[in-house]
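Trainee: Next come the chains, spelled out residue by residue.
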Amino acid sequence: MNETTNDILLLAFGSFGILIALTFVGEVLRAREEPGFVNPILDTYMTRVQSWWGMVAFVGIALLMGKIGVMVLFAFASFAALREFLTLTTKAKADHLSLALAFFVVLPLQYVFVGLGWDGLYTVFIPVYAFLLLPIVSALRGNTDRYLIRVAETQWGLMIAVFCVSHVPALMTLEVEGHEDRTVLMIAFLVMVVQLGDLLEYFFGRRIGKTCIANHLSPKTWEGVFCGVVCAAIIGGLLSWITPFGVLGAMAMAAAASLVGMFGSLVFAAIKRDRGVKDWSHLIPGQGGFVDQLDSVIFAAPIFYHFTKFFYA
Amino acid sequence: MSFIRQFAARIVGQSIRIFARAVTAVRADWQGIEPVPKQRVYFANHTSNGDMPMIWACLPPAMRRTVRPVAAADYWLKNKIRAFVGPEVFNCVLVDRRPEVKDKPMDKIIAALDEGSSLIIFPEGNRNMTDDLLLPFKAGLYNMGVARPDVDLVPTWVANLNTIMPKGEVIPLPLICTVTFGAPIHVAEGESKDDFLKRASDALAALAPEERS
Chain A
1 MNETTNDILL LAFGSFGILI ALTFVGEVLR AREEPGFVNP ILDTYMTRVQ
51 SWWGMVAFVG IALLMGKIGV MVLFAFASFA ALREFLTLTT KAKADHLSLA
101 LAFFVVLPLQ YVFVGLGWDG LYTVFIPVYA FLLLPIVSAL RGNTDRYLIR
151 VAETQWGLMI AVFCVSHVPA LMTLEVEGHE DRTVLMIAFL VMVVQLGDLL
201 EYFFGRRIGK TCIANHLSPK TWEGVFCGVV CAAIIGGLLS WITPFGVLGA
251 MAMAAAASLV GMFGSLVFAA IKRDRGVKDW SHLIPGQGGF VDQLDSVIFA
301 APIFYHFTKF FYA
Chain B
1001 MSFIRQFAAR IVGQSIRIFA RAVTAVRADW QGIEPVPKQR VYFANHTSNG
1051 DMPMIWACLP PAMRRTVRPV AAADYWLKNK IRAFVGPEVF NCVLVDRRPE
1101 VKDKPMDKII AALDEGSSLI IFPEGNRNMT DDLLLPFKAG LYNMGVARPD
1151 VDLVPTWVAN LNTIMPKGEV IPLPLICTVT FGAPIHVAEG ESKDDFLKRA
1201 SDALAALAPE ERS
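Sequences listed follow chains A and B, in order. For the first sequence, position 172 matches number 172 in my numbering, and the numbering has no gaps at all. For the second sequence, position 196 matches number 1196 in my numbering, and the numbering has no gaps at all.
Hints were generated in silico from the structure; no laboratory data involved. Idealized CB from N, CA, C, for every residue including glycine. Warning: the hint list may mix true and false statements.
Pair by pair, the computed Cβ-Cβ distance ranges are [as the list claims (entries may be wrong)]:
no.	chain 1	residue 1	chain 2	residue 2	range
1	A	G66	B	Q1039	20 to 28 angstroms
2	A	A31	B	I1018	53 to 61 angstroms
3	A	R146	B	I1018	30 to 38 angstroms
4	A	I20	B	Q1031	35 to 43 angstroms
5	B	P1209	A	I18	49 to 57 angstroms
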């Protein structure tokens, strides 16, 4: 067993420990409640913890399997997220072929390019080639009704669900000096700081939050976000041993990823509000859809990727 | 031989169900009604050939075993594969749509109800290719409600399938399909056929997700 595998297992057991503690706290709070009284905050907390168990298991197994496992996991996540996103967008029969291309050509190719490590291609494939090509395919069918809205929303779906999500496994292709075989651990780092930051933002927001960031849109508060980002930075510092960043660098990277992620989930709340839905889908029981679960990671991933590339690679 | 055919029908049925779930993540949304084994006639909107398999695939297993889609004989007996899938996998009640055999379809439907089966029907009669939400309903639903007044008539809206698989397209889009089951209706005492069909159509249309402009 090599050092990287050791570290992944160590992280997995650490995560299980935290999850056992979080589950225990939730169960104690639930047991102390009046019988028959349902506390929505506690319920939300518990479903979050439960979906976390699943995520830790899936991400852990994928990381242990290495490159192939990570690619398959995130390609599937992209597919599920794209399906949720495009279910809610404006489309016409004229878009059928371009939507089919998005699902069955653009998405797989993006992951092939990431898998091959062709960063010159996977960073421009969707923003340039898909952006220009798919509107042509739609235009050829001659339906101009809400044309710009249709092509713009399809492109947004691809950017969010495929381009951004694929930047998580793309971290493995970065060449960081003295860290060549350990890049897979940066995925664990990114996912952990962003998701734990979210969880603590939620906790502190409920406890001490007063100033709403965006009224009528999200219950997020400046106090909650501040505490969440600080906590993410501390967690990032504690996890710096799996990164090439050093302690202070890891704290800064964690804070940046967590902050971008939190505002990302605000953006997704705005889209959901616009479409009049509460959740993106029903695919994760009691939790909503894949986009609901991934929203902050989606925004954090490309930023984290570029910071790492710019400062460390 | 019949055992082997039955087994094959089960395998094909499960494959269709798994395929439907994999492609569209089809979900049943029970609004104002519970998924309990009660005799019902599910009446649904019809935009695509996938409508019936979608409703069938999202019913719980116990209900799926007792439900029989009412379908056109001329479609399902066209070739050997359809003649296997329609009657044996979906256990369809096959009715003849030709006008010269006018009285037969209802006899078969009532017989199926008397055996205790639930039914899936498409009261528009044909696939809706227009921009209208629903085509005018045919009289069958009313006749069933009058003949067997104890049976629940359940409005069933299949959302999104016309986008997933429009007529003339080959590749299905893997978008999410939702099947919404509404509160059951019955033919009221002395209610005319037209009044009832209007009420049934409204109950079904009310389940459609709001169209965004």
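Trainee: Each of the hints needs a verdict: does it hold here or not?
Mentor: For each hint, the structure was consulted:
no., hint, verdict
1, G66(A) / Q1039(B): 20 to 28 angstroms, "54 angstroms, violated"
2, A31(A) / I1018(B): 53 to 61 angstroms, "39 angstroms, violated"
3, R146(A) / I1018(B): 30 to 38 angstroms, "35 angstroms, holds"
4, I20(A) / Q1031(B): 35 to 43 angstroms, "38 angstroms, holds"
5, P1209(B) / I18(A): 49 to 57 angstroms, "40 angstroms, violated"
The structure does not agree with the numbered hints 1, 2, 5 stated previously, though it agrees with the rest.
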